[in-house]
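Protein chains in written order, with my numbering: chain A, 1 to 284; chain B, 1001 to 1284; chain C, 2001 to 2120; chain D, 3001 to 3120.
The set of hints was computed from the structure by calculation and includes no laboratory data.
For glycine and all other residues, C-beta sits at the position ideal for the given N, C-alpha and C.
Careful: at least some of the hints might be erroneous.
Stated by the list, open to error - Residues from chain B that keep clear of chain D, each with C-beta distances beyond 12 Å, as calculated:
(1) D1035
(2) P1098
(3) H1103
(4) T1183
As the list claims (entries may be wrong) - Chain D stretches covered by chain A per the calculated footprint, using a threshold of three residues with CB under 8 Å from any CB of chain A:
(5) 3011-3022
(6) 3045-3057
(7) 3060-3067
(8) 3093-3100
(9) 3109-3120
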Amino acid sequence: MAEVIWGLATSHVPSIGAAMDRGKTDDPNWKALFDGYAPARAWLAEHQPDVAIVVYNDHANGIDLDFIPTFGLGTAERYEVADEGFGRRPVPDVLGHPELSFHLVESLVDEGFDLTVFQELAVDHGFTVPLSVWTPDPGDAWPCPVIPLLVNVIQYPQPTAARCYALGQALGRAIRSYPDDLTVGVLGTGGMSHQLAGTRAGFINPDFDHMWMESIETDPARLAALSREELIRQAGSEGIELIMWLIMRGAMHDQVTKVHSDYFVPASNTAAGIALFDNTPPAG
Amino acid sequence: MAEVIWGLATSHVPSIGAAMDRGKTDDPNWKALFDGYAPARAWLAEHQPDVAIVVYNDHANGIDLDFIPTFGLGTAERYEVADEGFGRRPVPDVLGHPELSFHLVESLVDEGFDLTVFQELAVDHGFTVPLSVWTPDPGDAWPCPVIPLLVNVIQYPQPTAARCYALGQALGRAIRSYPDDLTVGVLGTGGMSHQLAGTRAGFINPDFDHMWMESIETDPARLAALSREELIRQAGSEGIELIMWLIMRGAMHDQVTKVHSDYFVPASNTAAGIALFDNTPPAG
Amino acid sequence: MSTGAGRLDLPGTPIFDGDTSRRGLRMNKLFMSLRDAANRERFLADEAAYCQEFGLTAEQQQAVLARDWQAMIDLGGSIFYVYKLAMMDGRSMQYLGGVFTGMGEDDFLAAMRAGGRRDG
Amino acid sequence: MSTGAGRLDLPGTPIFDGDTSRRGLRMNKLFMSLRDAANRERFLADEAAYCQEFGLTAEQQQAVLARDWQAMIDLGGSIFYVYKLAMMDGRSMQYLGGVFTGMGEDDFLAAMRAGGRRDG
Ligand SMILES: [Fe+3]
Ligand SMILES: [Fe+3]
């Protein structure tokens, strides 16, 4: 059987990738953020999975508004890195793991999740920035094959937090029912609180973010109970993308061990958070 | 509130449309099929809804295999009729009903159905043939706005029959919760038994089809319990598209009144069926 | 005789599953492109070049050029997509049925008119 | 000041819902096309013609030509799409924040650096 060995929650703000790509990680505006990543990166370097799953959303790069899938899953052998309009990020293309993808599709569809299957997909910063947060220097290739799990967070109505958490739980079951022995890392991306448009642009809610950071570890069901409206009110119209953390969290055990977390404002217009969990219950 | 007034199940074989478009409905190979439609058409002409919903699948015309949505719902104002490679069918484009579509999307996503929302979509014979079965001579326009509900029946794993039935039930609730008074007709399309490829091509299973025709009226839950494998075994690899009838049926009351049904072999390589239900419980 | 690469194993019944679809993706895209008259013209003018433009494997190209319908299915073709090529050639679904079953078109059509084929 | 056409009504918070997306579809498609360098060139060579090619309404075209960012949002633009045009112009998300809030870029950036803005 395959098993989730860790879950990583991280913001996917494009400027984090840009700061890395342009060698600005020691810039005073950025140093604290990247310093905050260091302990997670060190632990992750020691805990290499066989496959990773990145839960993310596209930002007008891989898909258009002609169709808006609530949940999409990639089954390709390779995912091209999108040119978002300022040149492609200087990072490797992503190799997929079609066998695991097919298994996940079958398991999840059987459990009543109405996935859209992607056989071709270009991935944008929502996908590559989390990979960079995990692996700052991939060289020619990312450390392992990666499977994209797309979530609609851009167009209302987004899936409910409860549905995301349920999808995560089903994803965990699907992974565990895979016939081969594989270790899996799951990345839940996006957030934390932010809003880009409207007179409330620039809104940041540290109280909510701290509650979220605490509860994602200890009480994810509490977060899953939040309504769409409550999420937009508390986390901002773009902060609702935090629902993607719940998919990652749902795929893990009820009890997990926090390896590291950090919180930083601002990464561009966004409160940035990182939280890394070892999928073993806490000792004692 | 809106309410479903009737449900129409019908095959959507392209050659049925071609026979109509070429004036061959009196051809000896076709006459019995069209004669079998007459009582349904007469009743439908007296029971015009304000909006219709067509549950169907695309056949390599409106969407590609780049992405395969399990369930898709259109929210457009207009759906173009696709040219499938032999010229566009001489039938009108389809006007949509965005307001009802938005309501359905929101209700269904809230109920945990992971729809893909289509803002642009060209519709093929899977969609237009059922409209022609209902309305043979639309003139310049179909009798009312129509909303497409797309189902993946082409690529394994298709949604389960149970999931389709559950979607239909949620669709019924969503329709009933619409604030305006609207009457709605629901068309479930596809089938009946057929298989197009493999040494079993040409397979037709009248016993299964008769069981299905009977049970769709009186015991849809029995059909919803059938596995994907059982459906392909009994109805053929393309006959599995009968699961779309269950979405229509789920949107109706537990008890319905059959207006008319008929069964005909072959329409091209397919067993063709029609079944029309009035969404009122049988008298007495 | 292929019975499909699916997890289901039903005799004589190809299952168009994710793995099959992945193998056939480029070829199916080619078939879908034939909806367009200009593409049909370009295809007919130089079928091999058109296949290469779409990135077909050598086996797939061979199957397309030879109109080996069974091979197209075996190499990942979806019947709904393969049918686009058949239509362009003026072939019917009954013709294809005759090929897949080995019966030939006339016998296949007669079997359909007689109520269709049965298992076993 | 628009607060979005959504079913949610949160002060100062545009909701990009289905109806908004429908209104903005052609304009958002135009913005997405600007990922491509050749399209950016064509756009810059004749912005009005490019808008017409994409089927924008007169109001939308006016908003695009005038770089009226608030109007683009009000007329159905998604911020992620609108941002493609801003990037092409060398504008940052902080610049847009300065516009949407009426604070101007410098004050907006200062507010972000100080930990972001709060409700109320
Ligand atoms: Fe994002
Ligand atoms: Fe069909």
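* Going by Cβ atoms, does P1098 (chain B) stay more than 12 Å from chain D at every point? -> Contrary to the label, P1098 (chain B) does not stay out of reach of chain D, its closest Cβ about 6 Å off (not over 12 Å).
task = Closer than 8 Å, Cβ to Cβ, for at least three residues: run that test on the region 3109-3120 of chain D against chain A and report holds or violated.
result = It holds: at least three residues are needed, and the region 3109-3120 of chain D offers 8 whose Cβ sits within less than 8 Å of chain A.
Practice prompt. Against chain D, does T1183 (chain B) hold up as non-interface, every C-beta pair farther apart than 12 Å?
Written response: Consistent with the label, T1183 (chain B) stays out of reach of chain D, its closest Cβ about 23 Å off (over 12 Å).
Verdict on D1035 (chain B) as a residue remote from chain D, using beta-carbon distances over 12 Å:
42 Å, holds
Note to self: Quick check: do three or more residues in the region 3060-3067 of chain D have a beta carbon closer than 8 Å to a beta carbon of chain A?
What the structure shows: violated (count 0)
Legend entry - H1103 (chain B) remote from chain D - nearest C-beta pair above 12 Å: Given that some Cβ of chain D is not farther than 12 Å from that of H1103 (chain B), nearest at about 9 Å, it is violated.
| Mind checking, does the region 3045-3057 of chain D have 3 or more residues with a CB under 8 Å from chain A? | violated (count 0)
Are there three or more residues in the region 3011-3022 of chain D whose C-beta lies within less than 8 Å of some C-beta in chain A? Contact hint for the region 3011-3022 of chain D vs chain A: holds, 9 residues under 8 Å.
request  = Between the region 3093-3100 of chain D and chain A, see if three or more residues pass the 8 Å beta-carbon test, and mark the coverage as holds or violated.
outcome  = holds (count 5)
Going down the numbered hints, you'll see the structure goes against 2, 3, 6, 7, while the others check out.
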